[in-house]
Amino acid sequence: MTDLPPPATQPPVSPQIGVDEWVRRSGERIVGPRGALGVVVRAAERTPRIVLLAAFVGLTAAIPALTTNQYIVGVAADTMLYVLLAVGLNVAVGWAGLLDLGYIAFYGFAAYLYAELSSGHYNIHWPTWQSVPLVIAATILLGFVLALPSRRLSGDYLAIVTLFFLEIFNNFTNNGYAWNWLGFGATHDVTGGPTGLTNVDPFHAFGHALTNRPADYLWVALAGFAVIAVALTYANKSRTGRAWRALREDPLAAELMGMPVKWLMLLAVAVGAGVAGFAGTVNAAYYQGVFPTTFYFPLLITVYAMTILGGAGSLGGVALGAIIVNVLLEVLRAPDHARWVFYALAIAGLLVKLRPWRVLAGVLAGLAAFGVVVHAIVAAVWPRGVGGPIAVGPTSFTTHGFLATVIRHWMVLPKHTYTVDNFRLGNYAFVIVIGCVLACTVVKGWRRWVLLVPTLWGAAFVWENVLIEQAPTTRPLLLGVILIVLMATRPAGLFGQTRVEIV
Amino acid sequence: MSETEPRKQPLLELRGLSVSFGGLSVIDGLDLHVDEHEIVSVIGPNGAGKTTLFNLITGVFRPDGGDILLDGESLVGLPPHKITERGVARTFQTLRLFLNMTVKENVMAAQYVRTRATLLEQMLQLPRARREEREMDVFAEEKLGFFGERLMGYRWNQPAYSLSYANRRRLEIARATATRPRILLLDEPAAGMNPVETHEITELIGKLRDEGGYTILLIEHDMHVVEGISDRVVALDHGVKIAEGTFDAVATDPRVVEAYLGASATVTK
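Chains as they are written, first to last, in this note's numbering: chain A, 1 to 503; chain B, 1001 to 1269.
Each hint should be verified, as a subset may be incorrect.
Each computed DMTMM-like pair below joins lysine to aspartate or glutamate, with the alpha-carbon atoms no more than 25 Å apart [claimed, not checked]:
#: 1; chain 1: A; residue 1: Lys237; chain 2: B; residue 2: Asp1071
#: 2; chain 1: B; residue 1: Lys1082; chain 2: B; residue 2: Asp1064
#: 3; chain 1: A; residue 1: Lys237; chain 2: B; residue 2: Glu1141
#: 4; chain 1: A; residue 1: Lys237; chain 2: B; residue 2: Glu1142
#: 5; chain 1: A; residue 1: Lys237; chain 2: A; residue 2: Asp250
#: 6; chain 1: A; residue 1: Lys262; chain 2: B; residue 2: Glu1121
#: 7; chain 1: B; residue 1: Lys1082; chain 2: B; residue 2: Glu1036
#: 8; chain 1: A; residue 1: Lys237; chain 2: B; residue 2: Glu1121
#: 9; chain 1: B; residue 1: Lys1082; chain 2: B; residue 2: Glu1013
#: 10; chain 1: A; residue 1: Lys262; chain 2: B; residue 2: Glu1133
#: 11; chain 1: A; residue 1: Lys237; chain 2: B; residue 2: Glu1036
#: 12; chain 1: A; residue 1: Lys237; chain 2: B; residue 2: Glu1132
#: 13; chain 1: B; residue 1: Lys1241; chain 2: B; residue 2: Asp1222
#: 14; chain 1: B; residue 1: Lys1241; chain 2: B; residue 2: Asp1067
#: 15; chain 1: B; residue 1: Lys1008; chain 2: B; residue 2: Asp1035
#: 16; chain 1: B; residue 1: Lys1207; chain 2: B; residue 2: Asp1035
#: 17; chain 1: B; residue 1: Lys1241; chain 2: B; residue 2: Asp1028
#: 18; chain 1: B; residue 1: Lys1241; chain 2: B; residue 2: Asp1253
#: 19; chain 1: B; residue 1: Lys1207; chain 2: B; residue 2: Asp1237
#: 20; chain 1: A; residue 1: Lys237; chain 2: B; residue 2: Glu1133
#: 21; chain 1: B; residue 1: Lys1207; chain 2: B; residue 2: Asp1253
#: 22; chain 1: B; residue 1: Lys1207; chain 2: B; residue 2: Glu1227
#: 23; chain 1: A; residue 1: Lys237; chain 2: B; residue 2: Asp1137
#: 24; chain 1: B; residue 1: Lys1082; chain 2: A; residue 2: Asp250
#: 25; chain 1: B; residue 1: Lys1241; chain 2: B; residue 2: Glu1013
#: 26; chain 1: B; residue 1: Lys1207; chain 2: B; residue 2: Glu1258
#: 27; chain 1: A; residue 1: Lys262; chain 2: B; residue 2: Glu1132
#: 28; chain 1: B; residue 1: Lys1207; chain 2: B; residue 2: Glu1121
#: 29; chain 1: A; residue 1: Lys262; chain 2: B; residue 2: Glu1085
Simulated from the structure, these hints should not be mistaken for laboratory data.
Given these sequences and hints, build the entire structure.
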């Protein structure tokens, strides 16, 4: 940084306009994050990537040794599959800048192909060291073939065409139980249809087979991730990686500077497909089955959310994004965990966004007082309205615990006579809360702070009475809110580089 | 320079080049040649077809008629990256840098066409990939060193968007030279520069020819630049060549004056 540039080759008569000590030393004046976060960030920046990767792989591999809870190990194995998917998607989306919405079809294709080659469906049981390389090669080839007709497209058009491929794949897997070759010959069952293929072999080679313990597949996925991460990091730092980024920045300039843009597009899609191919084989072997519903839009959206949240373009970022999103989705599954996430995020959001501190203190105090007052009024007028228990699971309730005690005196929870009763009140409140949120965006000054109090309390009411008991709806909803808030504060994702489009 | 040598096959030759967009003839039967180590300037009023000419040579557009020969071999129909591989590199009138890549990366990216390591070799860091990477690095520094200290040292790892306008123009030239071209097409290299910088870029273009050994085809509106360095000047108007020769001859040509100033203008020079 402080090395002086080599002596000028320019004749000394020309003015030294571009050489500016202030600009030259600008890097030294950049103040990074302060406090504990700054220490962590600077330490992470100083540490070589390979050390970070080794630390991550080592710690993750130790999870089965640290806990006997098979649920946690299972979540870890699932998360590693998501990490692989996000890292593969990052090649096309983050590096080459191609909006590839057919990505999940590669994952599904590989899983199905592995299942065909290692199950009783055709009674083929290839050893893993033959089937997995073949499946990965076939998926890479499929990547090339699918990218071929789309190589002239970019942006929205590429997105539409690739989305179409995912749709075709889904149709094929759903209806492939009665496949005939364009009318020649009898129909036969290729994909198992809506019920998929089951009894798929675990990974097995040379007389040994993996059990279906999550730990085994966690390690397999982790080993694959280590190899892929190193290979992709090198690829990104070399001529192809630079060409991908050049293609993302300006395809026409890249082409005119001698980069074969169409070939690079094919390559990016195919490399991503290869990573998804490996993940697909692990998926099929781990779950010992493949099902058409797995490889469809919800998964596509989840993996995109992971990539964007982590910061498309940063390999470590998207891996971390995958971990955060999947762990969060698991935590939100249980209402008593989800409750902590909800309140922690709400309070954290207030702490970060409300300035000056007088407003913050006012809103928090108002929020506490508002809840207690409403609780007291309802208790006096309609006693049944505050007698409800606090949900900790789909059918289980509690009255104990710190948070439960606070909620019991602050929140209005109608007693469950009919479940419908509860939900109906919550649904009305939901509409009112949305109205309040809209009003909050319109009014200004002290009115907004005053309005914020009933809005937040109303949100908590809806949360306690409806959402917390409906985990399948609540999880994507809460995840969506978290994503929106995060993208509003950090548009480039957690670890993405903020890109400058026009200067 | 070329006058002292025996007449050879020109490096770049356009024969009867024509293109029209939606019935509007933009380039019409243009003949043009650029000899090795020559600096040829193309001038003409706005809309004369100068940039279109560059787009035809570099393969962005395909000509309707005529031929483009580089060292006797036709470039017509080749995709742009193949034309670059043959030895034609250009800069853009409206800058088209890879803004979010670093200064050095911009130059290294342009060496894609001169390197051969496959993706697998890069992933496994096999000897060829590592050697090429080292060579690219050294070569990029050398190309950036062509501009004195302006693009050196601390600049290398800064994103291209952080550069000043004049430095971006310089970086575009550095990026174009990194493709190891035989002929450089510079599209208004002095546009938007102040007089000092214009003077400097004029010297630089001469240096590119004398020290870099490039042949240069130049589009320029600034007549000081054109006058200072051109071996030959070609004037275009409505896609037709209206004059060709030394700067003085072209600048006083009645048809050129008419094209720039209108038919009623009298020749005063």
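Do the hints match the structure? See the list:
no., hint, result
1, A/Lys237 with B/Asp1071, "35 Å, violated"
2, B/Lys1082 with B/Asp1064, "20 Å, holds"
3, A/Lys237 with B/Glu1141, "17 Å, holds"
4, A/Lys237 with B/Glu1142, "20 Å, holds"
5, A/Lys237 with A/Asp250, "19 Å, holds"
6, A/Lys262 with B/Glu1121, "21 Å, holds"
7, B/Lys1082 with B/Glu1036, "20 Å, holds"
8, A/Lys237 with B/Glu1121, "12 Å, holds"
9, B/Lys1082 with B/Glu1013, "18 Å, holds"
10, A/Lys262 with B/Glu1133, "23 Å, holds"
11, A/Lys237 with B/Glu1036, "36 Å, violated"
12, A/Lys237 with B/Glu1132, "12 Å, holds"
13, B/Lys1241 with B/Asp1222, "19 Å, holds"
14, B/Lys1241 with B/Asp1067, "16 Å, holds"
15, B/Lys1008 with B/Asp1035, "8 Å, holds"
16, B/Lys1207 with B/Asp1035, "17 Å, holds"
17, B/Lys1241 with B/Asp1028, "9 Å, holds"
18, B/Lys1241 with B/Asp1253, "12 Å, holds"
19, B/Lys1207 with B/Asp1237, "29 Å, violated"
20, A/Lys237 with B/Glu1133, "9 Å, holds"
21, B/Lys1207 with B/Asp1253, "29 Å, violated"
22, B/Lys1207 with B/Glu1227, "15 Å, holds"
23, A/Lys237 with B/Asp1137, "12 Å, holds"
24, B/Lys1082 with A/Asp250, "18 Å, holds"
25, B/Lys1241 with B/Glu1013, "14 Å, holds"
26, B/Lys1207 with B/Glu1258, "33 Å, violated"
27, A/Lys262 with B/Glu1132, "23 Å, holds"
28, B/Lys1207 with B/Glu1121, "37 Å, violated"
29, A/Lys262 with B/Glu1085, "16 Å, holds"
Checked against the numbered hints given earlier, this structure breaks hints 1, 11, 19, 21, 26 and 28; the rest are met.
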